[in-house]
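The primary structure of each chain is shown beneath.
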Amino acid sequence: MPTTLDTDVRPEDRFVSAFKVNHGQTLNGTSASIAQQREHAIERFAQLGLPTKEQEAYKYTNLATVIDRPYTLPLSPEMPAVTEEDIAPFEIDDLNAHRLVLVNGRVHEGLSDIGDLPSGVIISSLDRAGQEHPDVVEEHYGAYVDFEDDAMAALNTAFVQDGAFVYVPSGTLLEKPVFVLHVHAGEEDLLIQPRHLFVVEDGAVAQIIEKQHSLTDARTFTNTVTEMYAGRDANLQHSITQHQGDHASQVMTTAGYHRDNSTLTSNLFSLSGEVVRNNQTLTPDGEHCESNLYGLVLGKGDMHVDNHTLVDHVHADCASNELYKHILNDRSTAVFNGKVFVHRDSQRIDAYQQNDSMVLTNEANIYTKPELEIYADDVLCSHGATSGQIDREGLFYLRTRGLTENRARILMLQAFAQEVLDEIRNDAVKAHITGVVRDRLARSFT
Amino acid sequence: MSQSETEYLQGKADEEYKHGWTTDIKTEKAPKGLSEDIVRYISNRKDEPEWLLEWRLKAFRHFKQRIESGEYPGWAHLDYEEPDFQDISYFSAPDQKAQYDSLDEVPDEILETFERLGIPLEEQKALTGVAVDAVMDSVSVATTFKEKLEEEGVLFMSFGEAAKEHPDIVRKHLGTVIPYTDNLYAALNSAVFSDGSFVYVPEGVDCPMELSTYFRINEQGTGQFERTLIVAEPDSYVSYLEGCTAPMRKENQLHAAVVELIAHEDAEIKYSTIQNWYPGDPDTGEGGVYNLVTKRGLCKGDNSKISWTQLETGSAVTQKYPSVILAGDDSVGEFYSVAFTKGHQQADTGTKMQHLGKNTKSTIISKGISADLADNSYRGLVKVSKNADNARNFSQCDSMLLGDQCGAHTYPYIEIGNPSAQVEHEATTSKVGEDQMFYCHSRGLGEEEALKLIVNGFCKEILAELPMEFAVEAKELLAIELEGSVG
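Order-wise, the sequence lines are chains A and B. Residues 1 to 446 in this note's numbering are what the first sequence lists, from first letter to last. Residues 1001 to 1487 in this note's numbering are what the second sequence lists, from first letter to last.
Just chain A, with the same shape it has in the complex (with noise of 0.2 angstroms):
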């Protein structure tokens, strides 16, 4: 039964109220911890409150405009008709994945195709891994993301209901990617909010491919929270674009747990949406862990992307890497907030951090905050933002190469992208992505 929210009231309110009426329409009903946490974290959400301006992490972006609208919370599964037709054009070449598809948040079984895997590999619904790996979920489920100080993960964590969920054993190696499409459809204003959770045990190697686009001009609001694990001597490489055009706005929370001598690689791109939040955290918990944070945003139209980005070493004798850009056309604006977060005795830590921007217009913004909170002295951490235009040498160089002014500008923003798009590990993911960035570039300019 969907249940629309009503704007009269407050909006936690809403929610509140939609939680009572909704009870039973869960995840995994029947985990008694699950319903626990569901408990725990409604009555969090309704003390903490909707994230405001007010609030320092909140500072750059206004979560009201887009949440307070009377969207449709679907609670039951009730999948709009989607064909193969309608999610072929956002398929990526050459990539031959297990295919997992989500519906407005729920795993469409029809449209996925997860073809054989290794033995003991699961790639499923989370409802259905709840009811048929308990013991796998439970383990892992809600472990990585804390919700006591974040309204939005608490509101997910109260109305958990499905998502993507893969699972790989201990030494296994999943040669094949995994592809998470994510479609948004139907006529409704949705306000959907899927959990996913992606386990990678000790030795074995995954890479998860995420995209999320939207067949429908309908106003969605999106409430994400993904929890990753990779055991010792893992290695999980993520990646997700996030392309749902101008009507959907979305809180996507992600929080990466890993032990010792693992690697946890995260690739981000966002090149449209209405106002999209992400909050990554990694936590490599054991020695010799290798953390990666990579993003990319194409800002246009009015566009406003919000990252905010914690690498939490509480371990000693680990490396991060973090590297954002950003191109802003229009009146699109970027937030960027990196933290590399060195606990007391989190010794020998080498974080890198760089944050770069393009403004190409005036009424284009940049709100950037590279921070570093240190209590270690034996560490090498350091942090770099910078903020420009195209460089006019360059420009006359290409110019005097025969280019003309949009040639040359794009390939100089092209070139700008380039050093992000180079972290993708996949080829067939790196060609498709550079081709979207490419074309967007040549697009902007004519």
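Since the hints were derived computationally from the structure, they do not count as laboratory data. Careful: at least some of the hints might be erroneous.
[Unchecked claim] The list that follows gives simulated cross-link-like pairs (lysine-lysine, DSS-like), each with its CA atoms no further than 30 angstroms apart:
no.: 1; chain 1: A; residue 1: 59; chain 2: A; residue 2: 300
no.: 2; chain 1: B; residue 1: 1475; chain 2: B; residue 2: 1361
no.: 3; chain 1: B; residue 1: 1386; chain 2: B; residue 2: 1361
no.: 4; chain 1: A; residue 1: 59; chain 2: B; residue 2: 1064
no.: 5; chain 1: B; residue 1: 1172; chain 2: B; residue 2: 1386
no.: 6; chain 1: B; residue 1: 1361; chain 2: A; residue 2: 300
no.: 7; chain 1: B; residue 1: 1032; chain 2: B; residue 2: 1058
no.: 8; chain 1: B; residue 1: 1460; chain 2: B; residue 2: 1431
no.: 9; chain 1: B; residue 1: 1352; chain 2: A; residue 2: 339
no.: 10; chain 1: B; residue 1: 1148; chain 2: B; residue 2: 1172
no.: 11; chain 1: B; residue 1: 1352; chain 2: A; residue 2: 59
no.: 12; chain 1: A; residue 1: 339; chain 2: B; residue 2: 1460
no.: 13; chain 1: B; residue 1: 1386; chain 2: A; residue 2: 59
no.: 14; chain 1: B; residue 1: 1361; chain 2: A; residue 2: 59
no.: 15; chain 1: B; residue 1: 1352; chain 2: B; residue 2: 1064
no.: 16; chain 1: B; residue 1: 1058; chain 2: B; residue 2: 1172
no.: 17; chain 1: A; residue 1: 339; chain 2: A; residue 2: 59
no.: 18; chain 1: A; residue 1: 53; chain 2: B; residue 2: 1352
no.: 19; chain 1: A; residue 1: 53; chain 2: A; residue 2: 20
no.: 20; chain 1: B; residue 1: 1361; chain 2: A; residue 2: 339
no.: 21; chain 1: B; residue 1: 1460; chain 2: B; residue 2: 1475
no.: 22; chain 1: B; residue 1: 1172; chain 2: B; residue 2: 1358
no.: 23; chain 1: B; residue 1: 1058; chain 2: B; residue 2: 1352
no.: 24; chain 1: B; residue 1: 1064; chain 2: B; residue 2: 1172
no.: 25; chain 1: A; residue 1: 53; chain 2: B; residue 2: 1386
no.: 26; chain 1: B; residue 1: 1358; chain 2: A; residue 2: 300
no.: 27; chain 1: B; residue 1: 1146; chain 2: B; residue 2: 1164
no.: 28; chain 1: A; residue 1: 430; chain 2: A; residue 2: 300
no.: 29; chain 1: B; residue 1: 1172; chain 2: B; residue 2: 1352
no.: 30; chain 1: A; residue 1: 300; chain 2: A; residue 2: 53
no.: 31; chain 1: A; residue 1: 339; chain 2: B; residue 2: 1431
no.: 32; chain 1: B; residue 1: 1164; chain 2: B; residue 2: 1058
no.: 33; chain 1: A; residue 1: 53; chain 2: B; residue 2: 1064
no.: 34; chain 1: A; residue 1: 339; chain 2: B; residue 2: 1386
no.: 35; chain 1: A; residue 1: 59; chain 2: B; residue 2: 1358
no.: 36; chain 1: B; residue 1: 1361; chain 2: B; residue 2: 1460
no.: 37; chain 1: B; residue 1: 1352; chain 2: B; residue 2: 1460
no.: 38; chain 1: B; residue 1: 1164; chain 2: B; residue 2: 1032
no.: 39; chain 1: B; residue 1: 1386; chain 2: A; residue 2: 300
Computed from a prediction, not measured in an experiment: that's the story for all the values here.
Guided by the hints, dock chain B onto chain A, whose structure is given.
The following block gives chain B in isolation, referenced to the frame of chain A:
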């Protein structure tokens, strides 16, 4: 101040006393607490014009409103107890009594520090508060300086004097850069400021000497709520130094100063600060000074320049962000800072550069050194507004950690709204390099000497910005502070 004025002042004070409270006025100290009466009392004691009292009262009402709404600026990375504003005495008359009759009575360790800092004998006397007649020389030096300044038309006097003698200039500029509504402490200062310095440099004048509060030390006693106003008319230049390297023990724990600088067309103001106040008990951190200061400069005219240089080694808690509003086209703002914290000290300092005019430039170089249990944060804002074409900023914030129990943090805010802006920010945090130490050892330097050398190199570009005579002392001061930080 002539005798009659003093009498008049005293009379006024006594008058007020009748209506006010019951404390013995002879102590020259207002009773604890803050109220409109106290604000009136302060203004009265200082024989201020009516408009200034009105301004103070407005500020006080604003302060009260903020306090009543439960506001306290607790956003900085600082951990200290909120001061009880009703438990502070807001006025005490300058103490004319000498603390000592001669230098022989001054404790040896203070003299030793002076010796090492290379402070001249006469200044040592002035700083320790040796009886006035014993430092006749320095007073006469001050007088010579004053004459020379008067010749050039430079006004350099206490804020109180200026309010009376040049009310038009003071009134025109007071609170224009830092309105009393700016923040809680600016409101408090505006309501109860005791005294401070006033500098006015007329058009086309290069101030013939570095101005410092040094030689005014005996007529000072500006107390805990200092207010400084510097106005540089078109095409003028002034360099002002506040504080000194000598360790200063302050009576009051809370210090909330306000400094306003205004530079007109083609004018340049260089403001240097050396702060070495009591940092509190090294083992517990108790009793140290809270140094919560609002400093801001306005580059009002085209081609103007304001430069802040600071060396912060003292105080238990330091929170200050000397800022520049770059309103004039082609104006320049600079911020050079070394903040050294050790023991239980905490510092949250940095700057704000607001680019409004076209072709404006700003440079930020901040070095933070943290040892023992100290926390040292850089917090800064670079804002390029929509119409500030061709703005240029370079920021560099380096932190050095000298122990595994201290913290170093950077919170740079960068807000860009113009495509032609070129902004660069870089920050590093590291400890003293083992290879650097090794090299120094191999050249025969001991642990401590090596550390001094390396830290000195780390801070060199900042110290070089200080006026020459202070740069030497500042270097020594850092060396002294570093002692005992090896480990």
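Evaluated hints:
Between residue 59/A and residue 300/A the alpha-carbon distance is near 21 angstroms, which keeps this suggested pair within the 30 angstroms criterion. In summary, the hint linking residue 1475/B to residue 1361/B is supported, as the alpha carbons are separated by about 28 angstroms, within the 30 angstroms threshold. Between residue 1386/B and residue 1361/B the CA atoms are separated by roughly 15 angstroms; this keeps the pair inside 30 angstroms, and the hint holds. Note on residue 59/A and residue 1064/B: the hinted pairing holds, with a Cα-Cα distance of about 27 angstroms set against a maximum of 30 angstroms.
Restraint check: the Cα-Cα separation between residue 1172/B and residue 1386/B comes to about 29 angstroms, which is no more than 30 angstroms; the hinted pair holds. Restraint check for residue 1361/B and residue 300/A: the C-alpha separation of about 29 angstroms stays at or below 30 angstroms, so the hint holds. The hinted pair formed by residue 1032/B and residue 1058/B meets the criterion: a straight-line CA distance of about 21 angstroms does not exceed 30 angstroms. For a cut-off of 30 angstroms, the pair hint linking residue 1460/B to residue 1431/B stands: about 17 angstroms separates their Cα positions.
Between residue 1352/B and residue 339/A the CA atoms are separated by roughly 20 angstroms; this keeps the pair inside 30 angstroms, and the hint holds. Taking the CA atoms of residue 1148/B and residue 1172/B, the gap is about 26 angstroms. The hint holds against a cut of 30 angstroms. Only pairs whose Cα atoms come within 30 angstroms are accepted, and residue 1352/B paired with residue 59/A is accepted, the gap being roughly 17 angstroms. Between residue 339/A and residue 1460/B the alpha-carbon distance is near 29 angstroms, which keeps this suggested pair within the 30 angstroms criterion.
Between residue 1386/B and residue 59/A, the direct Cα distance comes to roughly 19 angstroms. Compliance with the 30 angstroms bound is thereby established for this hinted pair. Taking the CA atoms of residue 1361/B and residue 59/A, the gap is near 26 angstroms; set against the 30 angstroms cutoff, the hint holds. For the given pair, residue 1352/B sits about 27 angstroms from residue 1064/B by alpha-carbon distance, which is consistent with the 30 angstroms threshold. This hinted pair checks out: residue 1058/B and residue 1172/B have alpha carbons roughly 17 angstroms apart, not beyond 30 angstroms.
Restraint check for residue 339/A and residue 59/A: satisfied, since their Cα atoms lie roughly 15 angstroms apart, inside the 30 angstroms limit. Pair hint residue 53/A plus residue 1352/B holds up; C-alpha atoms about 21 angstroms apart against a cutoff of 30 angstroms. A threshold of 30 angstroms between alpha carbons decides the hint, and for residue 53/A with residue 20/A the separation of about 28 angstroms falls inside it, so the pair holds. Between the alpha carbons of residue 1361/B and residue 339/A the distance comes to roughly 27 angstroms, so the proposed pair stays at or under 30 angstroms and holds.
Straight-line distance between C-alpha atoms of residue 1460/B and residue 1475/B comes to about 9 angstroms, which keeps the hinted pair within the 30 angstroms bound. For the given pair, residue 1172/B sits about 26 angstroms from residue 1358/B by alpha-carbon distance, which is consistent with the 30 angstroms threshold. Simply put, residue 1058/B and residue 1352/B have alpha-carbon atoms about 26 angstroms apart, close enough for the 30 angstroms limit, and the pair holds. Between the alpha carbons of residue 1064/B and residue 1172/B the distance comes to roughly 25 angstroms, so the proposed pair stays at or under 30 angstroms and holds.
The suggested pairing of residue 53/A with residue 1386/B holds, with an alpha-carbon distance near 21 angstroms, which does not exceed 30 angstroms. Among the hinted pairs, residue 1358/B with residue 300/A is consistent with the structure: their alpha-carbon atoms are about 26 angstroms apart, no more than 30 angstroms. Distance check on the hinted pair: residue 1146/B and residue 1164/B sit about 18 angstroms apart at the alpha-carbon level, within 30 angstroms; holds. This hinted pair checks out: residue 430/A and residue 300/A have alpha carbons roughly 22 angstroms apart, not beyond 30 angstroms.
Restraint check for residue 1172/B and residue 1352/B: the C-alpha separation of about 24 angstroms stays at or below 30 angstroms, so the hint holds. Taken as a hint, the residue 300/A and residue 53/A pair is honoured in the structure, with Cα atoms around 23 angstroms apart against an allowance of 30 angstroms. With a C-alpha separation of about 19 angstroms, the suggested pairing of residue 339/A with residue 1431/B holds against the 30 angstroms cut-off. Between residue 1164/B and residue 1058/B the CA atoms are separated by roughly 20 angstroms; this keeps the pair inside 30 angstroms, and the hint holds.
Among the hinted pairs, residue 53/A with residue 1064/B is consistent with the structure: their alpha-carbon atoms are about 25 angstroms apart, no more than 30 angstroms. Under the criterion of a C-alpha separation no larger than 30 angstroms, the hint pairing residue 339/A with residue 1386/B is consistent with the structure, at around 27 angstroms. Restraint check for residue 59/A and residue 1358/B: the C-alpha separation of about 27 angstroms stays at or below 30 angstroms, so the hint holds. For the proposed pair residue 1361/B and residue 1460/B, the alpha carbon gap of about 22 angstroms is at most 30 angstroms, so the pair holds.
Between residue 1352/B and residue 1460/B, the direct Cα distance comes to roughly 23 angstroms. Compliance with the 30 angstroms bound is thereby established for this hinted pair. Restraint check: the Cα-Cα separation between residue 1164/B and residue 1032/B comes to about 27 angstroms, which is no more than 30 angstroms; the hinted pair holds. For the hint pairing residue 1386/B with residue 300/A, the CA-to-CA distance comes to about 18 angstroms; that is within 30 angstroms, so the pair holds.
Figure legend: structure checked against the earlier numbered hints; every hint is met.
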